Amino acid sequence: MSASPAASDHVDCPGCRRASPAKHIVTNRDDWGVVEQQVVELARLIQGETLRLERRRDETDLSVTALSELGATLQEVASNVQAAHPDKPIYWL
Numbered sequence: 080m081s082a083s084p085a086a087s088d089h090v091d092c093p094g095c096r097r098a099s100p101a102k103h104i105v106t107n108r109d110d111w112g113v114v115e116q117q118v119v120e121l122a123r124l125i126q127g128e129t130l131r132l133e134r135r136r137d138e139t140d141l142s143v144t145a146l147s148e149l150g151a152t153l154q155e156v157a158s159n160v161q162a163a164h165p166d167k168p169i170y171w172l
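Residues 80 to 172 in our numbering are what the sequence shown lists, from first letter to last.
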């Protein structure tokens, strides 16, 4: 049996009561090997996706921190300009 059997592959399978591969009843050792291989592949995919999402979260955290620091710097500059020239208003776009 192939790693991802089509519904038609189950027609002659004595252990199958349904045509859906997702509900396939594993009846021999070869099928268990395929299932085990698919579980290992799925675990690797999940682990890889988890690591990718963690990296994106870290990058986002760094971006938010950088924007926050930039905002604080702009506020400080605006305060300094306002203190130096109290008669001139500051316009934010």
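Keep in mind that the hints were calculated from the coordinates and are not lab data. In this text the structure is predicted, and so the values were computed from the model without any measurement. Every residue, glycine too, gets a C-beta built ideally from N, C-alpha and C. There may be inaccurate statements among the hints.
[To be verified] FRET-style restraints, in silico, Cβ to Cβ:
| hint | residue 1 | residue 2 | range |
| --- | --- | --- | --- |
| 1 | SER158 | VAL118 | 36 to 46 angstroms |
| 2 | GLY150 | GLU115 | 50 to 60 angstroms |
| 3 | TYR170 | SER142 | 21 to 31 angstroms |
Tested hints:
Distance hint check for SER158 and VAL118: the Cβ-Cβ separation is about 59 angstroms, which falls outside the suggested range of 36 to 46 angstroms. The hinted range of 50 to 60 angstroms is satisfied by GLY150 and GLU115, whose Cβ atoms lie roughly 52 angstroms apart. A beta carbon spacing of about 27 angstroms between TYR170 and SER142 agrees with the range 21 to 31 angstroms that was offered as a hint.
Of the numbered hints given earlier, the model fails hint 1 alone.
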